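Enquirer: Residue numbers (the working numbering), protein chains in the order written: chain A, -12 to 390; chain D, -12 to 390.
No lab work stands behind these hints, which were simulated from the structure alone.
None of the hints are false.
A pair counts as met if it fits within one copy or between any two copies, since identical chains are not told apart.
BS3-like cross-link-like pairs, simulated, lysine-lysine; straight-line CA separation at most 27 Å:
hint, residue 1, residue 2
1, K349, K252
2, K118, K371
3, K242, K190
4, K198, K(-10)
Quick caveat: nothing in here was measured; it's all calculated off a predicted structure.
The chain contents come next:
2 protein chains.
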Amino acid sequence: MIKNITNVRGIKCWGAHTGIKSMRRDLALIYSEVPANVGMVTTQNQVVAEPIKLARKYMADGKAQAIVVNAGNANACTGPDGYKGAEAMAQAAADELKIEPEMVLVASTGLIGEPFPTEEITKGIRDNIRKLASKSSAGSFAANAILTTDTFAKEGFLEFDLDGFEVNMAGIAKGSGMIHPRLGTMLAFIVTDVAIEVDLLQKTVREVAEKTFNMITVDGDTSTNDIVAVLANGMAENEPMKTKRDKGYKVFRAKLEEMMEHLAKLIVSDGEGASKFITYEAFNAPDEETARTLVRAVFDSTLVKAAMFGRDPNWGRIICAAGNAGVPFDYRSVDLYLGDDNSQVLVLEKGIPQKYDRKYMKKLLRAADITIRLDLNNGDAKAKGWGADLTTDYVLFNSVYTT
Amino acid sequence: MIKNITNVRGIKCWGAHTGIKSMRRDLALIYSEVPANVGMVTTQNQVVAEPIKLARKYMADGKAQAIVVNAGNANACTGPDGYKGAEAMAQAAADELKIEPEMVLVASTGLIGEPFPTEEITKGIRDNIRKLASKSSAGSFAANAILTTDTFAKEGFLEFDLDGFEVNMAGIAKGSGMIHPRLGTMLAFIVTDVAIEVDLLQKTVREVAEKTFNMITVDGDTSTNDIVAVLANGMAENEPMKTKRDKGYKVFRAKLEEMMEHLAKLIVSDGEGASKFITYEAFNAPDEETARTLVRAVFDSTLVKAAMFGRDPNWGRIICAAGNAGVPFDYRSVDLYLGDDNSQVLVLEKGIPQKYDRKYMKKLLRAADITIRLDLNNGDAKAKGWGADLTTDYVLFNSVYTT
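For reference, chain A alone in the conformation it holds in the complex (with noise of 0.2 Å):
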């Protein structure tokens, strides 16, 4: 029917409500009945939750076995205590499960700075965690208890064929668009059955994360919570991958950052306040960071981002944007496309502004889904981006949230 997260081999689920949020689920459990592989990002902002502190301890051999989740309190700037309740978290599960707590993976989403209900929580797991279940509707129950002010749950399944070895690969994640900025954790916690050696697997997390959940624009703010993490238990049998040579890593690989994609741009087109969903692009550039730099310096661009709003093909801001990038750049040699997804339009060839259709330029902008292209002609390194446009909606809600 709908395959998702319960889908992987030897994965249970389950969601539950224990009362941090009102009416909806705010804690999640994700189980692997076989320890797995871990590969994870944290934030890298310097202000870190106490999770996030817990989860680089206890996942620092890169063994986990089970997540736990909760929403509606970020457990962030709460001190000791604070870090205690993580560790809390991990032992209840750990109590429940038999396990070790440091094959636990706890991260939080929600408000800063509130006290951590630790004991609400942590009953809310000792309750729930034999209710884990493989069938769909409990993936769904996890997937959505992640969810702060998301409209909707973010969900991808994959299945494909490695070297002979039919591989499972599931994720959920959570992240709102333009609404509370300051509740803008990004979560995603991504499942599968491969068998990958954890060095290996580390290096592919961190290098396709850069990719995708790093190629997302919501206002430029990294959260104190932010975690990108992915379980390998191995259960497809195939042999452990173990170097970027191996048979298999390739279409592993891709399927990965086809997974992280596929999140990503569902995290990028939530958020009421934003009405369009851009896609950015540089290639032919002398290199992937340099590509990377100035699809992120433009579509950081306020200037940009309300243009697209207004559907106002005014590219001298991109230009101007990507000049401010802070990597080699001249717009001489550069060709810039705008339109939407299916039809774009030439307004720059190699530095020269090309006479275009006005009215049908306006008729493209007017569409949900937006592409910016940048031909550096200078080389065939390229990178993409998503991001969401800068609305009066966005500013009204921010300007009076704290009145």
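Given the coordinates of chain A, assemble chain D onto it according to the supplied hints.
Expert: Just chain D now, with coordinates in the frame of chain A:
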């Protein structure tokens, strides 16, 4: 990745936030590129919501091309203004889509008796029709925009071969367990690209809904706004099915039943007040109607539902409820099984109480999924039903709701 309603040929969707619900999507739009045949069943409550009245009128010819649903206001007990509001919704969608208003199926869910915000909703329709898209996120938006107190979106997708033609079928549903029974509307919209004549479709939808959506219990109430509608747009290009003997009909009917049962069970599984998902079966019955009546009598018994919450194998209550069902029932020929989904224990054989291990039974009844099976030893008809238990939380929620 994740297939949903947008993977049916010719179907486009959107889900928007108009402001009736704070922070959540509250307007769903579904559009078929070509006119579709419609089969539907609507509430049997004598108080009928305005959009249901309109849908009965507009869909009388069995044709529709769009579905427009708002959540947050039920448009029920709203009188002539409410009816005009429903008409205005159809008109707004028809204007933007350049179709006749009679081709628009309107539905609503939310609070009963509130003035209907016609202007906000029609503005929402006019603003969002141009966003209709066939990407999967748009399907998720629609699935989420019909929710009220639901804690997760209910979606289903099936693809199958019908006599050499590839057919797609997808559905979304709404209905939350037991938190707010007064908001407990059940909505289900299923779209398929199969070709089937309207009379046969309508007959099939009625019969299959009877075995699925009409065999779930939330709290026994039928909402003023309930509707189950199936749109079949024929884009799979199979030879249109005309009679039950036509090639492929059996396959189609089985798939429709699978879809409806899936969505119905998801509705039951939602609701924080509930702690268990219970499957009821009556089999070896003289006829289907008797089997169904018995299942309904048992699953509507508050004593049975409370016993399941308390893990009490009090089978006397089940027999008692069956005896009150109003159909012939001789307990002396009945076998009764109780347990979880994997293991059942025979507690009554031909009316004679059986000895069983009480500790083992208690353990079985701790499961989140319980099965109650009644063998009537009196024929070969059967019926299934699904319900939740009755919990202290349910009573608590509903005893304080208006205060």
